[in-house]
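S.K.: Chains P and S supply the protein sequences, listed in that same order. Taken in order, the first sequence gives residues 1 to 203; the numbers are from our numbering. Taken in order, the second sequence gives residues 204 to 365; the numbers are from our numbering.
Don't read these hints as lab results, they were simulated from the structure. A hint or two may mislead.
List time: in silico SDA-like cross-link candidates among lysine to any residue, alpha-carbon distance up to 25 Å [stated by the list, open to error]: (1) S/Lys318 with P/Lys175; (2) S/Lys338 with P/Lys175; (3) S/Lys318 with P/Ser51; (4) S/Lys338 with P/Glu111; (5) P/Lys2 with S/Lys318; (6) S/Lys318 with P/Asn98; (7) S/Lys263 with P/Ser187; (8) S/Lys338 with P/Arg99; (9) S/Lys263 with P/Met155; (10) S/Lys338 with P/Ser83; (11) S/Lys338 with P/Ile17; (12) P/Lys2 with S/Lys279; (13) P/Lys175 with P/Lys2; (14) S/Lys338 with P/Ser187; (15) S/Lys338 with P/Asn186; (16) S/Lys338 with P/Glu106; (17) S/Lys263 with P/Glu55; (18) S/Lys263 with P/Glu48; (19) S/Lys263 with P/Asn186; (20) S/Lys338 with P/Glu55; (21) S/Lys279 with P/Ser47; (22) P/Lys2 with S/Ser245; (23) S/Lys338 with P/Lys2; (24) P/Lys2 with S/Ser259; (25) S/Lys338 with P/Leu128; (26) S/Lys338 with P/Pro136; (27) P/Lys42 with P/Gly31; (28) S/Lys338 with P/Asn114; (29) S/Lys338 with P/Met104; (30) P/Lys2 with S/Leu330; (31) S/Lys263 with P/Ala43; (32) S/Lys247 with S/Leu330.
Okay, the calculated beta carbon distance ranges per label pair [to be verified]: (33) S/Asp264 with P/Thr95: 26 to 32 Å; (34) P/Glu48 with S/Asp359: 22 to 28 Å; (35) P/Thr95 with S/Gln212: 41 to 47 Å; (36) S/Arg262 with P/Lys201: 33 to 39 Å; (37) S/Asp317 with P/His71: 44 to 50 Å; (38) P/Glu48 with S/Arg262: 44 to 50 Å; (39) P/Thr95 with S/Leu330: 28 to 34 Å; (40) P/Lys42 with S/Arg320: 44 to 50 Å.
What you are looking at is a predicted structure, and each value in this text was computed from that prediction instead of being measured. Glycine included, C-beta positions come from ideal geometry on N, C-alpha and C.
For reference, the chains in residue letters:
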Amino acid sequence: MKLSTVQTDAIQELGNIGAAHAATTLSQMLGSAVEMSVPAIKAIDISELGSYMGEESAAMVAFELQGEIPHGGYIIFYISRESAIRLTNTMLGLTDMNRPMNEMDESALLEVGNIMVSAFLDATAELLGFIMLPSPPSLSIDMAHAAMSSLIAQMGEEIDEVLLFSTELVCEEHKIDSDIIMMPENSTLAHIVELMENMMKGV
Amino acid sequence: MPDPHTHEQTAMIGIGEYRVGSFPMMTIGLGSCIGLTLYDDSLKIGAMVHIMLPESAGRKDRPGKYADTAVPLLLKELNALGCKNRSLVAKMAGGASMFEYFGANLNIGERNADKIRALLKEHSIRLMKEDVGGKCGRSVTFFPGNNGKVAIRRADGTTGEL
């Protein structure tokens, strides 16, 4: 769906609030400052997905959006493999960067993703009065394109263009760069946009 | 005309796209998607498509995206260049299941592979080799100029050839 400028602003504001809460939890877990970008909205044709996410190795903790809309789309905690190792090293008190990832890393990533995404969705629910709950998390540490395209393939409404709402979260001290990416189904997006518009009109 | 065996640009094939010719072609980061190649050894030409879903359910705008529209499309294109179905061989890679827990019941990767196998059989095309399933992403390069070789690089660092 095409978004007007007002709708884009509204969604950005929503992303801003969600990501700010997620950033706070990340900052608490790492014990250091986390900066966040302005939320970006990207409309990507599926044939062009490769130029956005390619063969690079990344960890993605994905959640299906559930709650008032049963299949609302996906929300993803995305972190490059390198940043993921730095993140889990920081959490587990390790220093070796050139080690294979193991079950400890996987549980740590699942946990971090869970905490951040829950914080994100709690904040947006409070703002919108519309509850989106995360499904249990699922982790993929693989080529980013392979994981992302698989999620797109299982979206409920079939699409040729995906709308991604992403906010970058960066911890300078530990050189950790991550993103929270929301990929709503069109029906979910329409609903969110409507709630945001009503809110801005003071309904 | 440049020598067909040197310095050829590799065509990148995104989701739902396809190419036909004798130049190298590549699909990166296949998860549940499938990279399907058809190759005619007598003419040294082939086609590659990046399939995302098994069934088009009547949609016609992106025939390369669905197995049931992609296979007839490639055959039509190759037949137009003089390829006979009986001299074509197929290879495919991809169809993985990237996320545990969800999507497992949908099993899109496996359904893609099953649909392609059935369609190839229906059109009497020999499926020579495949590397499908599992949990690992794959990048696949197809070399029609080199006997239809298909090179696979998996996310875990292993490589393969079909």
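S.K.: For each hint, tell me whether it holds in the structure or not.
M.R.: Here is how each hint holds up against the structure:
Restraint check for S/Lys318 and P/Lys175: the C-alpha separation of about 45 Å exceeds 25 Å, so the hint is violated. For the hint pairing S/Lys338 with P/Lys175, the CA-to-CA distance comes to about 29 Å; that exceeds 25 Å, so the pair is violated. Of the supplied pair hints, the one linking S/Lys318 and P/Ser51 is violated, its CA atoms being roughly 28 Å apart against a limit of 25 Å. The hinted pair formed by S/Lys338 and P/Glu111 meets the criterion: a straight-line CA distance of about 21 Å does not exceed 25 Å.
Proposed proximity of P/Lys2 and S/Lys318 is contradicted: the alpha carbons are some 34 Å apart, above 25 Å. For a cut-off of 25 Å, the pair hint linking S/Lys318 to P/Asn98 is broken: about 41 Å separates their Cα positions. Of the pairs offered as hints, the one joining S/Lys263 and P/Ser187 holds, with about 23 Å between alpha carbons and a cut-off of 25 Å not exceeded. Of the pairs offered as hints, the one joining S/Lys338 and P/Arg99 holds, with about 21 Å between alpha carbons and a cut-off of 25 Å not exceeded.
A hinted pair counts as satisfied when its Cα atoms are at most 25 Å apart, and S/Lys263 with P/Met155 qualifies at roughly 19 Å. Straight-line distance between C-alpha atoms of S/Lys338 and P/Ser83 comes to about 22 Å, which keeps the hinted pair within the 25 Å bound. Straight-line distance between C-alpha atoms of S/Lys338 and P/Ile17 comes to about 35 Å, which puts the hinted pair past the 25 Å bound. Taking the CA atoms of P/Lys2 and S/Lys279, the gap is about 35 Å. The hint is violated against a cut of 25 Å.
Straight-line distance between C-alpha atoms of P/Lys175 and P/Lys2 comes to about 35 Å, which puts the hinted pair past the 25 Å bound. Taking the CA atoms of S/Lys338 and P/Ser187, the gap is near 30 Å; set against the 25 Å cutoff, the hint is violated. Of the pairs offered as hints, the one joining S/Lys338 and P/Asn186 is violated, with about 28 Å between alpha carbons and a cut-off of 25 Å exceeded. With a C-alpha separation of about 15 Å, the suggested pair S/Lys338 and P/Glu106 falls inside the 25 Å cut-off, and the hint holds.
Only pairs whose Cα atoms come within 25 Å are accepted, and S/Lys263 paired with P/Glu55 is rejected, the gap being roughly 29 Å. At roughly 19 Å between alpha-carbon atoms, S/Lys263 and P/Glu48 fall within 25 Å of each other, so this suggested pair holds. A threshold of 25 Å between alpha carbons decides the hint, and for S/Lys263 with P/Asn186 the separation of about 21 Å falls inside it, so the pair holds. Using a Cα cut-off of 25 Å, the hinted pair S/Lys338 and P/Glu55 holds, with the two alpha carbons roughly 15 Å apart.
The suggested pairing of S/Lys279 with P/Ser47 holds, with an alpha-carbon distance near 22 Å, which does not exceed 25 Å. The suggested pairing of P/Lys2 with S/Ser245 is violated, with an alpha-carbon distance near 48 Å, which exceeds 25 Å. A threshold of 25 Å between alpha carbons decides the hint, and for S/Lys338 with P/Lys2 the separation of about 35 Å lies outside it, so the pair is violated. Straight-line distance between C-alpha atoms of P/Lys2 and S/Ser259 comes to about 24 Å, which keeps the hinted pair within the 25 Å bound.
Using a Cα cut-off of 25 Å, the hinted pair S/Lys338 and P/Leu128 is violated, with the two alpha carbons roughly 37 Å apart. Restraint check: the Cα-Cα separation between S/Lys338 and P/Pro136 comes to about 19 Å, which is no more than 25 Å; the hinted pair holds. At most 25 Å may separate the alpha-carbon atoms for a hinted pair to count; P/Lys42 and P/Gly31 exceed this at roughly 31 Å. With a C-alpha separation of about 22 Å, the suggested pairing of S/Lys338 with P/Asn114 holds against the 25 Å cut-off.
As the CA atoms of S/Lys338 and P/Met104 are separated by approximately 19 Å, the hinted pair is consistent with the 25 Å bound. Restraint check for P/Lys2 and S/Leu330: not satisfied, since their Cα atoms lie roughly 42 Å apart, outside the 25 Å limit. For the hint linking S/Lys263 to P/Ala43, the alpha-carbon distance of about 22 Å falls within 25 Å, and the restraint holds. Of the supplied pair hints, the one linking S/Lys247 and S/Leu330 holds, its CA atoms being roughly 17 Å apart against a limit of 25 Å.
A beta carbon spacing of about 52 Å between S/Asp264 and P/Thr95 contradicts the range 26 to 32 Å that was offered as a hint. The hint said 22 to 28 Å for the Cβ distance between P/Glu48 and S/Asp359, and at roughly 26 Å that hint holds. Checking the proposed 41 to 47 Å range against P/Thr95 and S/Gln212 shows it holds: the Cβ atoms sit about 43 Å from each other. Separated by about 37 Å at the C-beta atoms, S/Arg262 and P/Lys201 satisfy the suggested range of 33 to 39 Å.
Our hint of 44 to 50 Å for S/Asp317 and P/His71 is violated, since their Cβ atoms are close to 24 Å apart. Between P/Glu48 and S/Arg262 the CB atoms are about 19 Å apart, so this pair departs from the stated range of 44 to 50 Å. In this structure the supplied range 28 to 34 Å is violated for P/Thr95 paired with S/Leu330, their Cβ-Cβ distance being about 49 Å. About 36 Å separates the C-beta atoms of P/Lys42 and S/Arg320, a value inconsistent with the hinted range of 44 to 50 Å.
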